[in-house]
Each structure stands twice: as structure tokens, then as C-alpha cells.
Amino acid sequence: MAQMTTATRLTGLRAAPGFRQRLDIPRRVVFLAAVSMVAIVVLLMGFIAWQGVQLFVKDGVGLGAIVSPTWNPLADGGPEFGFLPFITATVCVTGVALLISTPLSVGLALFLSEVAPNWAKAIVQPSLEIFVGIPSVVWGWLGLTVLVPFLASSFGGQIVISLPVVGTVFSAPGFLTGFSWLAGSLVLSIMVLPTITSVSYDAFRAVPQEIRTGSLALGTTRWQTIRHLLIPSALSGVLTAVVLGMTRAAGEALAVQMVIGNSPTMPAAITQPLTTLTSQITLDMGNTVFGEPWQDALWTMSLLLLVISISSVVLVRVINKRRMGS
Amino acid sequence: MTSPASQTLGRSGGPKQSLRGKSSRGSILADRAATTVLWGTGVLVLAILGSIIAHFALAAWGVVSPGFILGDPSSSALGGILPVLWNSIYMLVLTMLIAVPVGVLGGIYMSEYAGDNAVTTAIRFAEEAISSVPSIVVGLFGLILFVDDAHWGFTALAGALALTFFNLPLMTRLSEQALRAVPQDERSASLALGATKWQTIRHVVLPLAIPGLITGVILTAGRVFGEAAVLLFTSGIGTPPHYNFANFDLTSPASPWSPFRPATTLSVYIYKLNSEGLGAFKNQIVDGSAAILIAMVLLFNLGARLVGRVLTRRLTAA
Numbered sequence: 001m002a003q004m005t006t007a008t009r010l011t012g013l014r015a016a017p018g019f020r021q022r023l024d025i026p027r028r029v030v031f032l033a034a035v036s037m038v039a040i041v042v043l044l045m046g047f048i049a050w051q052g053v054q055l056f057v058k059d060g061v062g063l064g065a066i067v068s069p070t071w072n073p074l075a076d077g078g079p080e081f082g083f084l085p086f087i088t089a090t091v092c093v094t095g096v097a098l099l100i101s102t103p104l105s106v107g108l109a110l111f112l113s114e115v116a117p118n119w120a121k122a123i124v125q126p127s128l129e130i131f132v133g134i135p136s137v138v139w140g141w142l143g144l145t146v147l148v149p150f151l152a153s154s155f156g157g158q159i160v161i162s163l164p165v166v167g168t169v170f171s172a173p174g175f176l177t178g179f180s181w182l183a184g185s186l187v188l189s190i191m192v193l194p195t196i197t198s199v200s201y202d203a204f205r206a207v208p209q210e211i212r213t214g215s216l217a218l219g220t221t222r223w224q225t226i227r228h229l230l231i232p233s234a235l236s237g238v239l240t241a242v243v244l245g246m247t248r249a250a251g252e253a254l255a256v257q258m259v260i261g262n263s264p265t266m267p268a269a270i271t272q273p274l275t276t277l278t279s280q281i282t283l284d285m286g287n288t289v290f291g292e293p294w295q296d297a298l299w300t301m302s303l304l305l306l307v308i309s310i311s312s313v314v315l316v317r318v319i320n321k322r323r324m325g326s
Numbered sequence: 001m002t003s004p005a006s007q008t009l010g011r012s013g014g015p016k017q018s019l020r021g022k023s024s025r026g027s028i029l030a031d032r033a034a035t036t037v038l039w040g041t042g043v044l045v046l047a048i049l050g051s052i053i054a055h056f057a058l059a060a061w062g063v064v065s066p067g068f069i070l071g072d073p074s075s076s077a078l079g080g081i082l083p084v085l086w087n088s089i090y091m092l093v094l095t096m097l098i099a100v101p102v103g104v105l106g107g108i109y110m111s112e113y114a115g116d117n118a119v120t121t122a123i124r125f126a127e128e129a130i131s132s133v134p135s136i137v138v139g140l141f142g143l144i145l146f147v148d149d150a151h152w153g154f155t156a157l158a159g160a161l162a163l164t165f166f167n168l169p170l171m172t173r174l175s176e177q178a179l180r181a182v183p184q185d186e187r188s189a190s191l192a193l194g195a196t197k198w199q200t201i202r203h204v205v206l207p208l209a210i211p212g213l214i215t216g217v218i219l220t221a222g223r224v225f226g227e228a229a230v231l232l233f234t235s236g237i238g239t240p241p242h243y244n245f246a247n248f249d250l251t252s253p254a255s256p257w258s259p260f261r262p263a264t265t266l267s268v269y270i271y272k273l274n275s276e277g278l279g280a281f282k283n284q285i286v287d288g289s290a291a292i293l294i295a296m297v298l299l300f301n302l303g304a305r306l307v308g309r310v311l312t313r314r315l316t317a318a
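In order, the protein sequences belong to chains A and B.
So for the first sequence, this note's numbering puts the first residue at 1; every next one is plus one.
So for the second sequence, this note's numbering puts the first residue at 1; every next one is plus one.
Check each hint, because a few of them may be wrong.
One-sided excerpt, in silico: chain A residues whose CB lies under 10 Å from chain B [what the hints assert, rightly or not]:
#1 V61
#2 V106
#3 V124
#4 V132
Derived by calculation from the structure, the hints in this document are not laboratory data.
Each residue gets a CB set at the ideal place from its N, CA and C atoms; glycine is no exception.
Work out the full structure: start from the sequences and follow the hints.
Quick look at the structure:
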């Protein structure tokens with residue numbers, strides 16, 4: 001160390017760093033600010049995990065509760081905490097939302113990156129930013145006052161779709177009140193649309209321009225270029241977009257709670273009311289007392305949500321690493 | 001058969017005959033269909049946004065008035081939203097007071113200092129992890145940490161800290177992007193003149209990054225303003241009392257200026273009315289409040305664009 005200082009001094013370019021310079025306070029301060037996020041994540045995971053396992057540790061509920069279909073905290077024969085209805089509902093509601101949103105969002109991303117002239121981009125892109133900014137309670141309120149009454153009044157009776165030869169292809173009881181799995185999925189599909197669109201858009205933009213011109217020069221149409229070259233090259237980016245959309249949909253609480261009907265049953269028909277992990281936590285947290293098994297069960301649900309979201313971060317990293325690798 | 005092909009290839013003026021021969025008529029039709037569908041997605045999104053704005057403009061007509069914005073919830077049958085609107089602005093300022101310095105400093109580290117090492121990887125992972133954790137879980141974290149363990153109860157400060165946790169990754173990332181956009185030559189020139197690294201950051205890089213930083217602040221502010229799930233269990237969900245704005249005693253829970261009091265914001269108020277409100281004017285109040293929220297979101301968005309543009313022009317012209 002001393003030698004190095006001497007060497008620097010001998011070159012005459014810069015004096016030996018003084019104590020203050022060696023301490024480099026600014027570097028330490030900005031480092032602390034950045035590393036605070038790591039502290040937040042560690043604390044958050046620690047606290048939620050600790051609270052989340054209380055149901056099994058302190059209240060003596062078996063781990064089988066995670067796959068038990070009965071949720072009845074006020075049952076006469078002792079409370080029953082089955083998480084399966086919430087887990088499956090979260091999966092089902094998120095799944096249908098993605099089925100609706102993914103084609104639309106990827107189409108929109110393709111429109112913006114391949115088709116739209118500049119003036120159309122200049123209108124659609126800011127509109128998407130406004131979409132992102134609309135608060136979830138407003139989406140929920142729209143769902144509640146527009147979508148739910150519409151579903152109830154238009155599809156209140158038994159819904160049957162029949163084809164001439166095949167016969168009945170779809171049959172489900174109608175929307176009694178309109179509060180339903182489908183209402184939740186529709187609201188979520190709009191809420192995740194900007195997320196999936198913007199990430200897929202980046203993925204399509206990242207495909208080199210030469211690939212497009214090369215393909216078009218061979219006489220392919222634009223759609224052939226998109227289908228056979230752009231979509232395969234951008235696939236990992238689009239997958240990342242869908243995973244990010246999934247994370248957002250599975251974690252959304254208030255908008256879903258407002259339209260889903262809050263009924264802790266196993267999903268069977270898309271017209272029935274359900275309850276997701278987030279909506280049950282939102283609904284019950286205020287009505288329970290800290291430390292009682294019922295509230296511990298809600299903490300377990302938030303731990304499940306945390307596990308879902310952290311796994312999706314890891315999943316996105318794996319997808320991207322594969323892209324970098326290949 | 002030849003003319004549609006040349007049309008599809010358009011201005012690039014490609015070969016008159018497609019190389020794919022027989023299938024070309026089908027592929028040209030498919031191309032047209034695809035183009036129509038892709039245009040359709042763009043039109044659909046605009047139509048949805050347009051109808052949402054029109055819906056709330058109509059719904060808010062006759063509800064939103066100066067009396068509605070500046071009244072207490074109990075002031076008339078319809079009521080007003082002044083206390084919750086005040087709380088939204090108060091929480092926004094309180095959150096940004098914490099989140100902006102920490103986020104910008106964190107952005108400086110990530111842009112100017114971070115090396116390719118394990119610590120940087122951990123910070124990036126934390127950034128992505130917080131962004132993906134559901135807002136309700138961040139709210140619950142605030143509930144244990146501040147409301148229960150620290151015995152603060154439902155307070156504005158607990159809500160603001162939880163909001164900071166939730167938005168710090170966004171603020172840090174946007175700051176990092178703004179700083180990275182500053183050309184490397186500016187740094188080299190400053191260092192060549194003998195400035196230290198910190199002098200370079202402080203007097204060269206930061207000023208040049210200001211337009212981007214301000215855009216980042218406004219975008220983050222828009223998200224903070226509308227957030228509700230984080231606040232349900234941290235800053236509370238009660239009906240706020242009449243606020244006496246002349247009470248500047250920061251330690252008094254009755255003062256609207258105190259961070260140690262419950263603070264129901266506009267978004268939380270909408271959720272609260274929806275979940276328990278049965279009043280005759282519930283729908284009108286929520287429609288009016290939602291319209292104001294959307295108007296604020298539009299303002300934040302326009303503001304971010306305008307400020308960014310004006311500052312960029314001024315700084316680059318100078």
C-alpha cells in the first residue's frame with residue numbers, strides 16, 4: 001500500500017489521497033441508498049415468513065391445510081383452514097386473464113413495433129402510460145358499476161353454446177349477480193395489458209433490423225416475417241412479459257376483491273363467484289385479531305403470495321439467461 | 001397476382017413476383033388480415049381508454065363542484081372529499097421526501113459506481129423482487145413492522161414508509177436510466193480537468209440528468225398517488241374527521257400536518273365506500289372521487305412529458 005502511494009507520488013500526476021478521499025464518503029452514502037433495497041427485501045421476507053409459519057408452528061394446523069378444500073374459520077367442530085380454494089381460484093382467475101390479455105397485448109406490441117406509422121405510435125404509446133397510471137380501485141369500481149351489472153343482465157340465465165353437428169359445446173349456469181371468476185379475469189386482463197405490451201414491445205424492438213429487411217428481400221410478406229422470424233426470435237422476451245403480467249395479476253388485490261364475489265369455493269364454472277388469495281386477505285385482515293389462528297391463516301396466504309412472486313422473479317431470470325446463453 | 005405482391009412490398013420496390021409461388025395469394029391475404037387485426041388492437045385500446053374517460057366525465061358531471069372538492073364528508077348529503085384529498089397530497093409529499101433522495105442516491109450508485117460483482121447482483125435481484133411483490137403484501141409488512149411492532153398504530157408515516165418500500169425500486173431504476181443517458185464524454189472531460197469522481201457526479205452528471213430525474217419523480221408520484229392496497233393496513237381506512245388546518249402542532253393527532261395520525265387517502269376512501277358504504281349518494285361520491293383520481297393521473301402524465309421536454313430544450317440550448 002505504502003509503495004503504491006509512493007509510486008503515485010513519483011509520477012507527479014496526483015497527490016497522495018488524503019484521509020477524506022480514502023474514506024470516500026459520497027461512495028459510501030450512495031452505496032447505502034442502493035443496498036437499502038436488499039435490506040428491505042430481506043426484512044420483508046423474514047417478517048412475512050415468520051408470520052406465515054405461525055399457523056403451523058403455534059396453532060398446530062397440519063401442512064395438509066395447503067391442499068385442503070374446506071375453508072371455514074367459524075366451524076362448530078373447530079376452525080378449518082383449507083387453502084386450496086384460494087390457490088386454485090388465484091391460478092384460474094390469473095390464467096383466464098392471461099388467455100384474454102396475452103394475444104391482445106402481443107398484437108398491440110407488434111402493431112406498435114412493426115405496423116404503426118409514427119402518428120399512430122404517438123397516440124397509442126401515451127395512452128398506454130395513462131392505462132398504467134389508472135389506480136386499481138378505479139378499475140375495480142368500473143368493473144363493479146359497468147361490467148358486473150352487464151354480465152348479470154345479459155347472461156343471467158343458463159348459458160348454452162351449441163353447434164349444429166357437434167351439439168352442446170359449452171354449458172354453464174348464468175351469472176346470478178354478475179360477481180364472478182370471469183368478471184375478475186376481465187378486469188385483470190385490462191390491468192396487465194400495459195405490462196405485457198411494453199415488455200413484448202421491447203423484445204420485438206430488440207430484433208435487429210437486418211432480419212426484417214433480409215426476410216422481406218426474399219419476398220416474404222410482413223406477416224410471414226412476423227410469424228416465422230420476429231415471434232421466434234423474441235419468444236423469450238414475450239415469455240418474460242407474460243410472467244411479469246402473471247405476477248401482477250396474481251398479486252392484484254382490491255380490483256379483484258370488488259368484482260369476484262368473495263365466495264371461498266372450488267372453481268367449477270367461469271360464471272361462479274370465487275375468492276383469490278389476495279381478495280381473502282383484503283377482506284378478512286381487518287376483521288381478525290392479531291395472533292388468532294384465523295389471522296395467522298391470512299399471513300400464511302401472504303407467504304404463499306410472496307413465494308409466487310419471488311419464484312416468478314427467478315423464472316424471469318432463468319428465461320433471460322437462456323436467451324443470453326443461446 | 002403480381003400487383004398485390006408489389007403493393008405489400010410497398011415502397012421498398014421489391015421483386016414483382018413472390019418467390020413462394022403458388023402460396024403467395026394465400027400469404028398475401030393472410031398478411032392483409034394480420035395487418036387489419038394488428039390495427040384493430042391499437043384502435044381497441046384507444047376505444048377502451050376513450051370510453052373510460054368519457055364514462056367518468058359523464059359520471060362526474062353534476063357531482064364534482066368546488067363544494068365537493070373543498071367540503072368535509074359530513075358537510076352535506078353528498079358530502080365532500082377535502083380531508084381525503086388532503087391526505088392523498090400529504091402522503092404523496094411525505095413519501096416523495098423519503099423516496100426521492102434515497103432513490104436518486106441509489107441510482108447514482110447503480111449508474112456510476114456499481115461493478116460487476118455479487119453485491120450489484122443482489123441489489124438488482126432485490127430491485128426486481130420488490131417490484132414483483134404484491135402491494136397488499138408490502139402493506140402487511142408495514143402493518144407488522146410499524147403498526148404492530150413499533151406500536152405506531154395506523155399513521156401517515158407508516159403508510160409513507162410502506163409506500164417508499166414499494167416504490168423505491170422504480171425510483172432507483174428511473175434515476176439510474178436518467179444518469180446512464182448522460183454521455184460518457186462529459187465524465188471523461190470533467191475527470192481530465194482534474195475533478196474528482198464525486199465532483200464530476202455532483203457538478204456535471206447530475207445537472208445533465210435533471211430532466212430525466214424529474215420525469216422519474218413525476219412518474220413515481222403518479223403511482224404513489226393512486227396506490228391503495230399498501231395503505232389499507234398502514235395509514236388506516238377510517239372516515240377522516242374535520243381538519244383544522246390552523247393546528248400546526250405536529251405532535252397532536254388532530255393536526256392535519258402531523259405524520260402520527262391515521263390518514264385515509266382518496267384511493268382508500270373509494271375502496272372503503274365501496275366495501276361498507278350504503279349511503280344514498282355512495283355512487284355519486286365514488287364516481288366523483290374516481291374522476292378526480294383519473295384527472296390527477298392525466299395531469300401527472302402530461303406534467304412529466306412537458307417538464308421533461310422543456311428542461312431538455314433549455315439545458316441543451318444553453
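How the hints compare with the structure:
Using the Cβ-Cβ criterion of 10 Å, the hint placing V61/A at the interface with chain B is not satisfied: the shortest such distance is roughly 19 Å. Nearest Cβ of chain B to the Cβ of V106/A: about 9 Å, under the 10 Å cut. The hint holds. The criterion of a C-beta within 10 Å of any C-beta in chain B is met by V124/A, whose closest approach is roughly 5 Å, and the hint holds. For V132/A, the interface hint holds, since its Cβ comes within 10 Å of a Cβ in chain B; the closest pair sits about 8 Å apart.
Going through the hint list in order, the structure does not satisfy hint 1, though it satisfies all others.
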